[in-house]
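In case you want the letters, here they are:
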Amino acid sequence: MQIQPSDLGLIARVAELGKRYGSGSGSVTALDDVSLGLRRGEFTAIMGPSGSGKSTLMHIMAGLDSPTSGRAWLGDTDITELSDSALTVLRRRRIGFVFQSFNLVPTLDVRGNIMLPFELDGRRPSRDEQEWIDELVETLGLGARLRHRPHELSGGQQQRVAIARALATRPDLVFADEPTGNLDSRTGREVLGLLAAASARYGQSIAMVTHDPIAASHADRILFLADGRIVRDAGRSSAEDISAFMLGMETAA
Amino acid sequence: MNGRLRDQGPTLLVATLAAAFGVALLQVTGILAAVLAEDDVTGSSGTVRLMLGIVASVFITIAVYVSAVVTANTVATIVAGRTRQIALLRLIGSSARSQRAAIAREGLVIGALGAALGAVVGSASAWVLGEVGVAQGVIPSVERSLLDPVVLLPMGAVVLTTWLAAWTGSRRVLAVRPVQALGNSAEADLDEVSSRVGRTVAAWVFVILGALLLVLGVLVGLVRPEGVLIGLVGGILSFTGIVLAAHRVMPPVLRAVGSLFGGRPAARLAAENAVRHPERSARMTIGIVIGVTLVTTFAVTMESYRTMLTTAFADEPALQSEIGPMVDGTVAVFSALIGFSAVIAAVGLVNTLSISIMQRTRELGLLRALGFDRRQIRAMVLVEAAALTVAATATGLVLGVVYGWAGAQSMLGSVGGAPAIVAPAIPWLIVAIVVVAAALLTLAASVAPMRRAARVSPVVALAVE
Ligand SMILES: Nc1ncnc2c1ncn2[C@@H]1O[C@H](COP(=O)(O)OP(=O)(O)OP(=O)(O)O)[C@@H](O)[C@H]1O
Ligand SMILES: [Mg+2]
Numbered sequence: 001m002q003i004q005p006s007d008l009g010l011i012a013r014v015a016e017l018g019k020r021y022g023s024g025s026g027s028v029t030a031l032d033d034v035s036l037g038l039r040r041g042e043f044t045a046i047m048g049p050s051g052s053g054k055s056t057l058m059h060i061m062a063g064l065d066s067p068t069s070g071r072a073w074l075g076d077t078d079i080t081e082l083s084d085s086a087l088t089v090l091r092r093r094r095i096g097f098v099f100q101s102f103n104l105v106p107t108l109d110v111r112g113n114i115m116l117p118f119e120l121d122g123r124r125p126s127r128d129e130q131e132w133i134d135e136l137v138e139t140l141g142l143g144a145r146l147r148h149r150p151h152e153l154s155g156g157q158q159q160r161v162a163i164a165r166a167l168a169t170r171p172d173l174v175f176a177d178e179p180t181g182n183l184d185s186r187t188g189r190e191v192l193g194l195l196a197a198a199s200a201r202y203g204q205s206i207a208m209v210t211h212d213p214i215a216a217s218h219a220d221r222i223l224f225l226a227d228g229r230i231v232r233d234a235g236r237s238s239a240e241d242i243s244a245f246m247l248g249m250e251t252a253a
Numbered sequence: 001m002n003g004r005l006r007d008q009g010p011t012l013l014v015a016t017l018a019a020a021f022g023v024a025l026l027q028v029t030g031i032l033a034a035v036l037a038e039d040d041v042t043g044s045s046g047t048v049r050l051m052l053g054i055v056a057s058v059f060i061t062i063a064v065y066v067s068a069v070v071t072a073n074t075v076a077t078i079v080a081g082r083t084r085q086i087a088l089l090r091l092i093g094s095s096a097r098s099q100r101a102a103i104a105r106e107g108l109v110i111g112a113l114g115a116a117l118g119a120v121v122g123s124a125s126a127w128v129l130g131e132v133g134v135a136q137g138v139i140p141s142v143e144r145s146l147l148d149p150v151v152l153l154p155m156g157a158v159v160l161t162t163w164l165a166a167w168t169g170s171r172r173v174l175a176v177r178p179v180q181a182l183g184n185s186a187e188a189d190l191d192e193v194s195s196r197v198g199r200t201v202a203a204w205v206f207v208i209l210g211a212l213l214l215v216l217g218v219l220v221g222l223v224r225p226e227g228v229l230i231g232l233v234g235g236i237l238s239f240t241g242i243v244l245a246a247h248r249v250m251p252p253v254l255r256a257v258g259s260l261f262g263g264r265p266a267a268r269l270a271a272e273n274a275v276r277h278p279e280r281s282a283r284m285t286i287g288i289v290i291g292v293t294l295v296t297t298f299a300v301t302m303e304s305y306r307t308m309l310t311t312a313f314a315d316e317p318a319l320q321s322e323i324g325p326m327v328d329g330t331v332a333v334f335s336a337l338i339g340f341s342a343v344i345a346a347v348g349l350v351n352t353l354s355i356s357i358m359q360r361t362r363e364l365g366l367l368r369a370l371g372f373d374r375r376q377i378r379a380m381v382l383v384e385a386a387a388l389t390v391a392a393t394a395t396g397l398v399l400g401v402v403y404g405w406a407g408a409q410s411m412l413g414s415v416g417g418a419p420a421i422v423a424p425a426i427p428w429l430i431v432a433i434v435v436v437a438a439a440l441l442t443l444a445a446s447v448a449p450m451r452r453a454a455r456v457s458p459v460v461a462l463a464v465e
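Which chain is which? The protein sequence lines are A and B, in order. Note that this note's numbering has the first sequence beginning at 1, numbered continuously upward. Note that this note's numbering has the second sequence beginning at 1, numbered continuously upward.
Pulled out of the complex, with its shape left as it was, chain B reads as follows:
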């Protein structure tokens, strides 16, 4: 069973990243709060500390959530690849429950390990950051212990979610029937398509309700800036709905993107591969969708805000030159914080893609035997990775622009006195960064699998297991 834990290396990485992020963020807010308390003239440091805490927990929640999705996906992918082995064990008398429990236990161990590692890494990074800040004279030196019990919160969250995610991801173990050890090898692909009606209904309710609230927010925003609060609730609701329905939303997007790559056999097979497990592709992409959507939403809102301010203060260049860096700084910090979740999602995508390529060794051998050359095999892997990242990025960008505009409109629609339509301003720099990051991710995700896939010899297709 050592093999199992070795498979889980990426899961450990994901848990560690999430925990490190959470711990570092809390440590940094702790340092900031201590600095503020030092010269507390207004007595407002309590409020600021609370605000910082809330903001930090939002980002931590996003990161932990994304890492849980990634972990569940990795486990599900590994389990799918082990169907035969599991079936064989079932055939000789092992119970499905005990096999699933073993996987969940691994999740618990890995979660704990990741949380501990993450705490060390996160605290160390925060400490380094603090020291650099002091050395640069940005913040005064303050006494503060790194052993803040509050970091137990993200650690606990990571342990718990990794455990739960391993449990959820291993659900498929229960569906493996012992005869699958004997069956012939044509794989039933649409294995995981769920007919979980409850989830679909909930998703629809969330999306519709959320969209209505967004519209209401925009309308209210024409007269009062509080419209943005209604819009915020609408945004959270509708986006939750989209995340819930990802297994329905993403496959059509993936198909559309896949068809962009043309009708050559390598491209066509790649496009099919990208949707062969709708649940899996949904989970592979949703983390990136979340990250890109949040970054874009925030950037579009801020950009619209900036455009509005620039127009309003057109004849006060001094003020303008102050606003610019302030907006840029805020966007940069928030993007980096959200971007971290996207990094976790990217780790998941890289990992799932290479596992699923490894699981397709025989199929690759078959293609080689039938006359796919190495270049075509490599192209196929690259296009599959590209289809996944392009679909995720495009979805995120579109959603982000819509949400960002709704946010800007409902917040700023009434600011000029009379109701006004705020034109959505696209922050091209952020969009460019997102696109470049997606391209890099595609390459990163496909390098190793491409190499491995091209090495597969056609003889493996003929070999009987």
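With the rest of the complex left out, here is chain A:
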């Protein structure tokens, strides 16, 4: 019998993943034989220099893009084999996203944005889910803002709405690509605190791409990518250690 990712306590796994853009001499290898597993309930940070393949890795793990070689699983589902419509449903039900910017649908108010994943699924939240959403709205301090549209909110508030939406369905895994990239450092820290709390308190699995050592220091685990390969897999680290390693990577390159 084959061992499933979930048997290993993994929420997501990729094996011998390769991604190549273009062909011939002009081709770019964004990912080169990457294998890794993300553990259930953990907050994982993915770091690395610009162009090292962080976003590409995340896109493939989230079923937004397909690899050139290798496989990717979410839970026990091999997502490299899924059709576009199956991937759509998977994203709707089992994955949450927080982007760097442009997270919200401009024509919907805060409430509409948070409820969107349920609506897309053609259902209302159950009583239990509704309580969870209310709690999220409360914790994220959005209670007074539910009827506001995105352009009436600050960047930090928008990002909190995105987090509420990403957590609302209690997805298997939340992906965040530089969620603090557009925020000032204080607001950024707040947002990170919220993500870390979601993971610590509710056991939410999160994968976050970031350039910021302070942001990464909130994570349980830090993966470093360089030139499309994983070069280091570290546990929780201080911002100083992370900075030192990043600097070392740059000088080595």
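FYI, nobody ran anything at the bench for these hints, they're computed from the structure. Do not rely on the hints blindly, as some may be mistaken.
To be verified - Now the in silico label distances, taken between C-beta atoms and shown as ranges:
1) L91/B <-> E135/A: 39 to 45 Å
2) R189/A <-> S457/B: 30 to 36 Å
3) A101/B <-> E135/A: 51 to 57 Å
Glycine included, each C-beta is placed from N, C-alpha and C at the ideal position.
Since the structure of chain A is provided, determine the placement of chain B with the ligands on it from the hints.
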């Protein structure tokens, strides 16, 4: 800056259509006048020529007006989509005025190009029509040069209005602030909602005054057929008011229509999209409203007229069989002439819709990432197009029936001798044609954007510009 002129392809098409229509119409009336002058026994050809000229200029004015609205809208939409780029140029030191002037200059060039193309196309079509007429023996062959200086009028009008429309449409350039190049990307949607009080007041004055005159026309019409002239003025005034206030009138209609499509996420978002820029949606729909209203008004009046004649001559079938084709022919010719403006408006709608879909690529990517499947994205675009055309068509039909009835009532209320109420007669054939045309327009407007929207990959939502 080549990209700019490429964006303007549809504007060129609109200018060309308007100019071609104007030129063709004048050439055809020229031919008709020449034919009439040929066997002028009564010496009345001067009057007929004048009448033809007046009728032609009414239709040309409508077409040019609609094309100006369409052009202003296209330019405004393009400018709205370029806010960031404009802001960036402002940030590095370009002045808003010079950017706006550049857009207006493009309008002038495109207007001139369109007028020239239109003159050729219009004259050629009129010539072909004339030759066909001669070959069929409908009209005698007459000597007439196509180089009639009168065609310079519609050409000039097209150049001027395209220029003006580009200028008006680019007004928003002035409102772009350099910081918008840096800001984060949540878009302030109600950008264009104008608080231009003057316009609203004028619109109200026109509507109220016009409505009063319409009522007066109907009342006078009970005793004298001249009531229709009062009614005509009332109709023109009140309709002008409605066109002026389109940005207030259309959004509620669009909302109501949007809610008809149900509460599914795709439909709800589509309904919201249709009203997210009230000014833009008003301009997208108003051309169609104008076209449908005019066609319906005319058809309802004529149908009521026909019904009245049919009742009056119930026992003279020979007369009836003569009246029928006459009424039908008149309705057909007038509908076709007005319908041309609706075609120009339709070009504008198709174009604006696809531009605005293209500008929403990131938003579409976001929806795809969050779990919209391709079918839902397509449905969203289709419903948005449908909401726009249904709202425009329904408004036009309702207004047309009201105006048409008022026209028939004030013209025919006294004809039977005693004051009488004329029942509004609905020309179902025309209504059916309008509805089918609207359905076709919806499909035409959504095919390309649907395809493009469904192709958007969810990855674009995550990409940072
Ligand atoms: N659509 C694409 N076409 C061609 N090359 C691409 C494409 N997307 C990414 N790449 C290349 O793949 C490599 C990895 O890109 P990726 O976006 O994953 O980097 P990243 O680590 O997220 O960088 P950053 O920190 O700057 O966001 C880069 O060299 C990039 O140029
Ligand atoms: Mg990246």
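For each hint, the structure was consulted:
no.: 1; hint: L91/B <-> E135/A: 39 to 45 Å; verdict: holds, 43 Å
no.: 2; hint: R189/A <-> S457/B: 30 to 36 Å; verdict: holds, 32 Å
no.: 3; hint: A101/B <-> E135/A: 51 to 57 Å; verdict: holds, 56 Å
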